[in-house]
Amino acid sequence: MRRSMIARVVGALVALAALASACGSADDSAGADGEFSGTLMIGAIPDQDGEILARNYGKLADYLSDEIGMEVEFQPVTEYDGAVTAFKVGALDLVWFGGLTGVQARLEVDGAEAIAQRNIDAEFTSVFIAGTDTGIEPVDDIAGLSVLEGRRFTFGSESSTSGRLMPQSFLSQAGVGLDSFAGEPGFSGSHDQTIALVEAGTFEAGVLNSQVWEARLVEGAFDESRVRVIFETPPYYDYHWVARPEIDAGLRQAIVDAFTRLDPAVPEEAEILSFFGAESFITTESSNYDQIEAVGREIGKITD
Amino acid sequence: MTIETVAPTDTPTRTPTPTSTGRRRRGWAAIIVVLVIWSTQRAGVNLPDLINPRGWGQVRSFFAAMVRPDLSPDFLRLTVEETAVTLSYALLGTALSVAIGILGGPLLSERLWRPLAGEPTTRARWGWRLARFTFAVPRSMHEVVFGLILLNILGLDPLVAVLAIGVPFGAVTAKVFSELIDEVPSDAERAMRAAGAGRLTAMIFGVVPTALGDLLSYAFYRFECAIRSAAVLGIVGAGGLGFQLALSFQSLRYDQMWTLLWALIAVGGMADWWSSSVRRRRSDSGPDLSAGEGASHSLERDPFLVASAAGGALMIPVAWWWLDLSLSSLWSPRTRRLGAELAGDAWPPQVGPGGWRSLIADAADTVALAMLALALAWTFASALAFLAARRKRVPGGPALLPGRTLSWLSRFVLLIARSVPPPVWALLAVFVFLPGLWPGVVALAIYQFGVLGRLEGEVVENLDDRPGRALRAAGASRSGAIAYATLPAVSTRFVALGLYRWEVTIRDTVIVGVVGAAGLGQRISEQTSSFDYQGILASIAVLVVLTVAADIASAAIRRTLR
Chain A
1 MRRSMIARVV GALVALAALA SACGSADDSA GADGEFSGTL MIGAIPDQDG
51 EILARNYGKL ADYLSDEIGM EVEFQPVTEY DGAVTAFKVG ALDLVWFGGL
101 TGVQARLEVD GAEAIAQRNI DAEFTSVFIA GTDTGIEPVD DIAGLSVLEG
151 RRFTFGSESS TSGRLMPQSF LSQAGVGLDS FAGEPGFSGS HDQTIALVEA
201 GTFEAGVLNS QVWEARLVEG AFDESRVRVI FETPPYYDYH WVARPEIDAG
251 LRQAIVDAFT RLDPAVPEEA EILSFFGAES FITTESSNYD QIEAVGREIG
301 KITD
Chain B
1 MTIETVAPTD TPTRTPTPTS TGRRRRGWAA IIVVLVIWST QRAGVNLPDL
51 INPRGWGQVR SFFAAMVRPD LSPDFLRLTV EETAVTLSYA LLGTALSVAI
101 GILGGPLLSE RLWRPLAGEP TTRARWGWRL ARFTFAVPRS MHEVVFGLIL
151 LNILGLDPLV AVLAIGVPFG AVTAKVFSEL IDEVPSDAER AMRAAGAGRL
201 TAMIFGVVPT ALGDLLSYAF YRFECAIRSA AVLGIVGAGG LGFQLALSFQ
251 SLRYDQMWTL LWALIAVGGM ADWWSSSVRR RRSDSGPDLS AGEGASHSLE
301 RDPFLVASAA GGALMIPVAW WWLDLSLSSL WSPRTRRLGA ELAGDAWPPQ
351 VGPGGWRSLI ADAADTVALA MLALALAWTF ASALAFLAAR RKRVPGGPAL
401 LPGRTLSWLS RFVLLIARSV PPPVWALLAV FVFLPGLWPG VVALAIYQFG
451 VLGRLEGEVV ENLDDRPGRA LRAAGASRSG AIAYATLPAV STRFVALGLY
501 RWEVTIRDTV IVGVVGAAGL GQRISEQTSS FDYQGILASI AVLVVLTVAA
551 DIASAAIRRT LR
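Line by line, the protein sequences are chains A and B. Heads up: the first sequence at position 227 corresponds to 227 in this note's numbering, and the numbers run straight through without jumps. Heads up: the second sequence at position 552 corresponds to 552 in this note's numbering, and the numbers run straight through without jumps.
Check before you lean on any hint, since a few could be wrong.
What follows is a list of derived Cβ distance ranges for each label pair [unchecked claim]: (1) A:Lys-59 - B:Val-80: 18 to 28 Å; (2) B:Val-351 - A:Val-229: 35 to 45 Å; (3) A:Val-229 - B:Ser-72: 26 to 36 Å; (4) B:Pro-349 - A:Ile-299: 20 to 30 Å.
No lab work stands behind these hints, which were simulated from the structure alone. Just so we're clear, the structure is a prediction, and the values are computed from it rather than from any experiment. Built from N, CA and C at the ideal position, the CB exists for glycine as well.
Could you put together the complete structure from these sequences and hints?
Written as structure tokens, this is what we have:
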């Protein structure tokens, strides 16, 4: 939204001209109606620290721009569903999605493809956490999650893969449905808030992305005597970059190459990798997310 | 933020006798008491099941950050830029709403549909009803709901926020304007029509200019509301201060939140001041938003008002430029295609999993949530209104009202209560209340308390306090004078204001649909994340029905107060 002054003035004049002639033509730099041209708009769901989100994606935009030789702009979005909608309408061309949101986005846009992900995304996990004074003890297997029956429990964001979708699936394997908790389950809105709400005791237990949990543990962001992990889930595929069909095979390959080339030895590139919490990026494909799609349908997050 | 007036034609044809009015008033009072008791029952009253004392730690850290906001240059620059975005949304949204109001007001006015003499024809009566219904639907939908729909059609475009504010506000403004038009003395119009002018011509030249002054002063009030709306829209993703607020909250950065909140409080406070200065100058009797009486003054040539209106108008192109707004997306083929797709996806509405039973339960939760929030907000606001009233505005005020510091402090508390967006209050409330209806109740209550307290404070400031002064002069104590002179004079007006906020509170439940059971708001939030458009449409329809029902009931009750 913040562009240079000149761009703004030009934009305002163009808008006025369009208004005056009352028949401006659509300005779809990357709409579904034509070939890809102009600026590559990249976006992300705000899964982590929102504060540094914009700055770091700006670095990524600069890096990509240099590598693929076209203008790249980063557009932040606060909500998971907002990112999917923006992708659907063509306002974003390349988006860093979670497992479920990536599937939802691909189902909304024919020909969109999953193209790249971090090395850790092929084996992602969630952790179930509980307040230490709740009497909920760590469990050994999925079936053990039945200890959460009758407890106050919170997920993360409604369409989070690691904070909701896969956990709900594992809970259901343990015979714990959404109506098995004390009252309705909460949707805290973010992984950080899940930790804070369980630490505060509003909820007795919750579930979140294990990567965020590890990071907060290292930072000492919460009181370890109050909240602990009771179970880590089996691995599943999570975050990935999804590209709209306007990004043709050549450009797609250039983008994938740019990601997989990210080198920890180069300081700027190391910064990007560390922001993503990754050692490297790898290629991925849509079929890796068949399991996520099946679970999404099972629990009603994918309806069509 | 809906402040409306009762349509004159809604009054029953039979003039009610004083006794029947009294009986009806008692009947309504009983219904409200029953509703409040039922709501309390539904939300639960057993404290140990409701309160989570350990959560105070988080709330304390939040308020501790109040005095140490993040003042790093980078973040300050960001805050200033985002403030400009929020202000631009609010300004352009208000401008649009005034435009819609000026076009729609005459259409909704009874006057347009009524012949020069005699009763309106059946066709005219239905035309008027249809026009009113057309405007009633957008009025009962929250800006966030509009934002949600528009995002699907226009994508990430600043136009989404401008339209999301402008359209529902425009519908409200049109209604208010229509009532102003109906209250203008009809001499000029009648003369013009008698001389052969057409109905519309007579309206445009004989009536509209007279009512326009009041409409403009009302526009300043809408601007004040629009800032709060723009902040909430930002939280759901439209950019501006609210957007940054959401990002900072997700990572629990309270210091950053307070930088942004102080910015919101500052612009909110300035807009409030501007709006009330304009409205106070419009009429000696004060800004009587609650009843629409005291309107219909001709446009005075007050330099402050003219400068305010001109300043506001001049800022429009600046805001336009800052947002880099373009209207081209409105008529692009993509917009048409996406609009058609959305309509196809959403029709027909479907109740979805859980069936009617769960939809009705959520609707009941919504009603209970709004009822409790409003009851709490009204009680506290009514108490604080006396402290918040500026005594220099009240003739003989020092005799009745408390000291300046207390008054200033009260107004500051009210300003904070309404400037911090309800979703933020909700996320805080979740720490100290256990999951259920109460976090939402408390969040909405705090916000409505801020809005109501200010409006009620203005009622007190504009009070005719001669009876009170007479009592004081006769030796009554200050509390005695308040109890026997001031309270009876303001209570009806307070009740009327509370009733006006009823439908607004129901509409607002949609934005506190966080964490745990919170009725239709939570339901819509879950449906949104599943892209279940048919379900969303059904939920919105129920919310609209509830809002309209509250509007009708509130109008009926207010009639008994007259």
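query: What hints, given by number in increasing order, does this structure fail?
result: none
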